[in-house]
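Student: Given only the sequences and the hints, what does the whole structure look like? Please build it.
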Amino acid sequence: MLANYFPVLLFIAIGIVMGVVLLTAGRVIGPSRPNKEKNSPYECGFEAFEDARMKFDVRYYLVAILFIIFDLEITFLVPWAVVLDTISPAAYIAMALFLFILVIGFIYEWKKGALEWE
Amino acid sequence: MDNLHLATPEIFMLFASCAVLVVDLFLKPGQRHMTYWLTQGSLLITLLLTYGQVGDTAGTAFSGAYTVDGMSAVLKSWILLIAIGGFVYTRDYIKDREIANGEYYVLGLFGVMGMMIMTSSNNLLTIYLGLELLALSLYAMVALYRSNADASEAAMKYFVLGALASGMLLYGMSMVYGSTGSLDLATISQALTTSDAGSTGARFGLTFIIVGLAFKLGAVPFHMWVPDVYDGAPTSVTLYISTAPKIAAFAMIIRLLVDGLEVLSSDWTLMFAILAALSLVVGNLLAIAQQNIKRMLAYSTISHVGFLLLGMVAANPEGYSASMFYAITYAFTTLAAFGVLLVLSRNGEEAVMLDDLSGLFRRNALAATVMMVALISLAGVPPLVGFYAKLSVLKAVISAGYVWLAVIAVIMSVVGAFYYLRAIKMMFFDDPVDSSEVPARMDVNATLAVNGLAVVVLGIFPGWIMAVCVRAFAG
Amino acid sequence: MSFQLFIFYVFAIIMVFAAARVITVRNPVYAAMFLVLTFFTAAAIWMLLEAEFLAVTLVLVYVGAVMVLFLFVVMMLDINVEPLREGFVKYLPVGILVGSIMFLEMVFLLTQRYFPSENFPAPAAKPANYSNTEELGRLLYSDYLFHFEVAALILMVAIVAAIALTMRRRSDTKYQRPGLQVQVKKEDRLRVVSMDTESKS
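Chains as they are written, first to last, in the numbering used here: chain A, 359 to 476; chain B, 396 to 870; chain C, 2 to 202.
Derived by calculation from the structure, the hints in this document are not laboratory data.
Predicted model, so just to flag it, every value in this text is computed and none were measured.
Hints may be right or wrong, so weigh each one.
Pairs of lysine-lysine residues, derived as DSBU-like cross-links and limited to a Cα-Cα distance of at most 30 Å, are as follows [said to hold, decoys possible]:
1. B:K552 to B:K490
2. A:K469 to C:K186
3. B:K423 to B:K490
4. A:K469 to B:K790
5. A:K470 to B:K490
6. B:K423 to A:K470
7. A:K469 to B:K423
Tutor: Below, the structure is given as structure tokens:
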């Protein structure tokens, strides 16, 4: 079975080699004459106003966590879909129930306004 | 799907919780009390469905993942009953503090469902998922009081240590699974009995499982989170955490260690003996030093967890049923104590210091009497129910040959009586700091009265619950 | 050493290195990136164990979704890194002591005598047409139905908890209401002023 994934391994290896070769080539061949002005942080031509690390709004976090939950839901759907032709009716109903529970969660999200950006 | 009817209570509760969540979304601000009544209604119907299973119903469903037996139906009924009582006490507290109303009840319902799944589990994975369902609901409930910084801090501590404990438990379970090749508790037990091959791996896993359990229960030396969480959480959530989940935790111990790993009981009895002795000593001694009543009750919980584990040390049906009796009676006695605290925490004030109790008898005679009954019972004074619970645990421990543990337990109970009696003295003989009356709603008063009465009456006639507990482990 | 074992060691070494960097690197964003590398190499090792579905899931869910969340959290917290390092030297000896005791205990327990590897034989390699996803689906939706539904409940609790804990209605935000926008009549917005025509002066 693992032999099926040999191309993936080759792909990773070639990707790494390409990345390393191109970056080193650029570094070795390209001219590098740094000065103070070139190395200073650049913000649309101004001096930098503040530290790059600033607080994100908590809503980004909310969106990310909701994304994870529905990502997981999809993950459960994949093996179910693969064996759809062989499984029992109970498995069918089980997935319906699973989706029902998460739809309730989705209604909650929608109604609470968690999906609106304001 | 065979035997699906066994899971009727859980299935009903699943749909009921979803209904509560959705209905709450569409309620207008003035109709918010509907959520409360729907919650209580669904708990009540689930209780009736569960109570119908007490007795002869037994069997497994969902390919052996879920089981109903003598123990599960009884414990689930108590969990539901205590949850109903807890929500009666809680109602005004969360309304006063504007804690998100609907979410609180829905998370409470999901937590109860987690406890029921833990109690009915027959499989390592079911236990773990039930526990996580309960724990996630609890973390969120602690943090729900967002305007309070203490609650957020408590939620953080609870979450980090709870996650650590879950990790330990899961690691232990994976070792047991790896060495016996099954998640099913009966198969694990059989694999360990018939061959010695996996027993070292199972012992290795057992150690982690016990550490995880001790963390979740708050047994010394894994008790650090208990006082902080009890103190920082809103009192209503402290009530929730300290009552029904203790029964579920007991069920989890029975499932994991008796149903699954009883073959290794020679290993875990000694671990439990140490945990129990340390919990009894540390819990009772540190409780004396507390000025904050929630912290005092937290340390008192630690000492009672010691007693609960004491019954398990006996590792025979007598000890298990004594522990079961202890868990049930402890849960509803503590329910009464925290119920009184919630009555006192009115109009945005919190009753947290011992001084807040002083002169309570002159401010609200019923609350003071119920509190007295609960505290005396927790101290283990006859004829209240706490006395009989302690007695039966001690009997089981002594007949199993651990006299030194029983001696420690008795000495520490006497030490513990001091701080309970000090609180009672303050309520009845000290002058109140604030002499205004403490009113309570009709239903809260009625529940308090029934709850207090149960502590007294079941203390005089313990035979009824005891018989049920004995039957749960017979055969 | 077989080719498969060689691949395993390559990924395992990268993984251990990345995991170590997660807790030693100073910048939390770099730490999150090293965690991505750890997850990715772990996925490769799972693939070597022939758990293809889990390996793909690890990349999709953990690398794709969870790490995005981590990066948000790391940025949202606005951590000043320096205070985190305080007391590092003070706790180091205790940490090393506890760590090495645990390590020795593990070695003691896991050595051949106490934990014989013949009890845990390696499974035979699967044929090329073997589908791990199918096997998983067949088990998950028959024997593990109950757990599957409880997992849905846990996800639901996560939704409720996440929204209840983070949603804040702001009174000062401005947002559009399309419903009201389309209902606007001419009279609401347009005022026709009649005035005398002006003559050229």
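Student: Against this structure, judge whether each hint is valid.
Tutor: Going down the list of hints, with the structure as the test:
1. The suggested pairing of K552 (chain B) with K490 (chain B) holds, with an alpha-carbon distance near 25 Å, which does not exceed 30 Å.
2. Proposed proximity of K469 (chain A) and K186 (chain C) is supported: the alpha carbons are some 29 Å apart, at most 30 Å.
3. For the proposed pair K423 (chain B) and K490 (chain B), the alpha carbon gap of about 15 Å is at most 30 Å, so the pair holds.
4. Simply put, K469 (chain A) and K790 (chain B) have alpha-carbon atoms about 56 Å apart, too far for the 30 Å limit, and the pair is violated.
5. The suggested pairing of K470 (chain A) with K490 (chain B) holds, with an alpha-carbon distance near 19 Å, which does not exceed 30 Å.
6. For the hint pairing K423 (chain B) with K470 (chain A), the CA-to-CA distance comes to about 13 Å; that is within 30 Å, so the pair holds.
7. About 13 Å separates the Cα atoms of K469 (chain A) and K423 (chain B), which keeps this hinted pair within 30 Å; it holds.
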